[in-house]
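For chain B, the structure is supplied; the task is to place chain S on it using the hints.
Number of protein chains: 2
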Amino acid sequence: MKNILGANDEIAAHNREHFAKCGVVVMNLMGSPGSGKTTLLEQTLAQLVGKLRVAVIEGDLFTAKDAERIDRLGVDVIQINTAGGCHLDAAMIQKACATLDLDALDLLIVENVGNLVCPAEFDIGENFKVVVLSITEGDDKPLKYPLIFKESAAAVLNKIDLLPFTNFNVQSARADLSTLHPTIKIFETSCTRGTGLDDWTAWLLEKAVRS
Amino acid sequence: MKNILGANDEIAAHNREHFAKCGVVVMNLMGSPGSGKTTLLEQTLAQLVGKLRVAVIEGDLFTAKDAERIDRLGVDVIQINTAGGCHLDAAMIQKACATLDLDALDLLIVENVGNLVCPAEFDIGENFKVVVLSITEGDDKPLKYPLIFKESAAAVLNKIDLLPFTNFNVQSARADLSTLHPTIKIFETSCTRGTGLDDWTAWLLEKAVRS
Chain B
413 MKNILGANDE IAAHNREHFA KCGVVVMNLM GSPGSGKTTL LEQTLAQLVG
463 KLRVAVIEGD LFTAKDAERI DRLGVDVIQI NTAGGCHLDA AMIQKACATL
513 DLDALDLLIV ENVGNLVCPA EFDIGENFKV VVLSITEGDD KPLKYPLIFK
563 ESAAAVLNKI DLLPFTNFNV QSARADLSTL HPTIKIFETS CTRGTGLDDW
613 TAWLLEKAVR S
Chain S
413 MKNILGANDE IAAHNREHFA KCGVVVMNLM GSPGSGKTTL LEQTLAQLVG
463 KLRVAVIEGD LFTAKDAERI DRLGVDVIQI NTAGGCHLDA AMIQKACATL
513 DLDALDLLIV ENVGNLVCPA EFDIGENFKV VVLSITEGDD KPLKYPLIFK
563 ESAAAVLNKI DLLPFTNFNV QSARADLSTL HPTIKIFETS CTRGTGLDDW
613 TAWLLEKAVR S
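Going down the list, the sequences are from chains B and S.
Under this note's numbering, the residues of the first sequence are numbered 413 to 623, in order.
Under this note's numbering, the residues of the second sequence are numbered 413 to 623, in order.
Pulled out of the complex, with its shape left as it was, chain B reads as follows:
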């Protein structure tokens, strides 16, 4: 395991250097299956188009369903299928990037495999990570899956419109997140209602320019 992570870190360092040379900022977007990563991405891209030159890498075990959704927005997208693998690694990203014109991009968004555990363990050379946690998953998740929340610059509490139908306690989740990671930025979004997206996108825009 140490060897695998060591080899991955080396390629991730190469990726990071290459991204910096090309002047592209890379976000690693993570979260459970069905937390709403792709839908958040669709809404985010709609707001970013015209402001930033963006491309997307979609990570899934199988199918090109997510890449097809991004492609419909007219945004360049590459689908990686891990064929059962539970996370993206730096080598997969390196290979996918060989077919992208990174110099022509401001922001590259990598949507990782739906998994609250393994993706957080593998550096892909990104500038920063973001984790999406949907309200329906429960407010106990930060303490039960701490690494991904410790590693992420921001946590997006998504599907906030479903709050009245769950026992999710936003105050308690925010307190746990802040305990795990005092500087984490927390957003509350609903992609079906369109709420909270302006704050989230403004933050991302600034990260893309300043990173």
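Among the clues, some could well be false.
Any copy, or any two copies together, can satisfy a pair, since identical chains are not distinguished.
[Stated by the list, open to error] Distance condition first, Cα-Cα at most 30 Å in a straight line; then the derived BS3-like pairs of lysine-lysine:
| no. | residue 1 | residue 2 |
| --- | --- | --- |
| 1 | Lys414 | Lys507 |
| 2 | Lys507 | Lys556 |
| 3 | Lys556 | Lys414 |
| 4 | Lys477 | Lys619 |
Just so you know, these hints were derived from the structure itself, not from any lab.
Same frame as chain B, but now just chain S:
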């Protein structure tokens, strides 16, 4: 990876033999973080108590939150903390079982780590697997994460009460599940409304007696 799985399979075979000798049936309960495994388990145990002698093994990366919930029901429970590990393996189950009186049990329920990928790859010596998929995760999940659905004797479509607030298509999910695994048994449950639980529990009761 082959070596790890080979070593695991050996211990799983030992576990399976030991469970058979003790006359205990073992269910491996899997699903994404927040799909509602523990809540389903609470409701299930409430129905099984008095009909079967049941114990539970709870798998989590960190915390004993889930075991505490089961303990409150007066059911014997052992918490395994994987300390970051993304799945339970056969050796963890072997070790946990050493502290259980298996001869005095009819059914042992193992709630795996919240993860739609890795737990399906590791045999723990169970008699059968069950996967919980919550409506809010989306109907595209069976095709995107096929292994876990191919491996499971039953799929529980949970949080069915939230159906009106999502774009989940039950017919499409059922069709995909049946394509992946023609004999899979499908249940629709709501643990907050208490719907669908009688059918699910009746099936489980029969599996526990006949396996």
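For each hint, the structure was consulted:
1. Both within a single protomer and between protomers do Lys414 and Lys507 lie at most 30 Å apart by alpha-carbon distance, with minima of 22 Å and 25 Å respectively.
2. With identical chains, the CA atoms of Lys507 and Lys556 are at most 30 Å apart between copies only, with a shortest distance of 22 Å across copies and 33 Å within one.
3. In the homo-oligomer, the alpha carbons of Lys556 and Lys414 lie at most 30 Å apart both inside one protomer (23 Å) and across protomers (29 Å), since each shortest distance falls under that limit.
4. Within a single copy, Lys477 and Lys619 get their C-alpha atoms as close as 28 Å, which meets the 30 Å cut-off; across copies the closest is 35 Å, which misses it.
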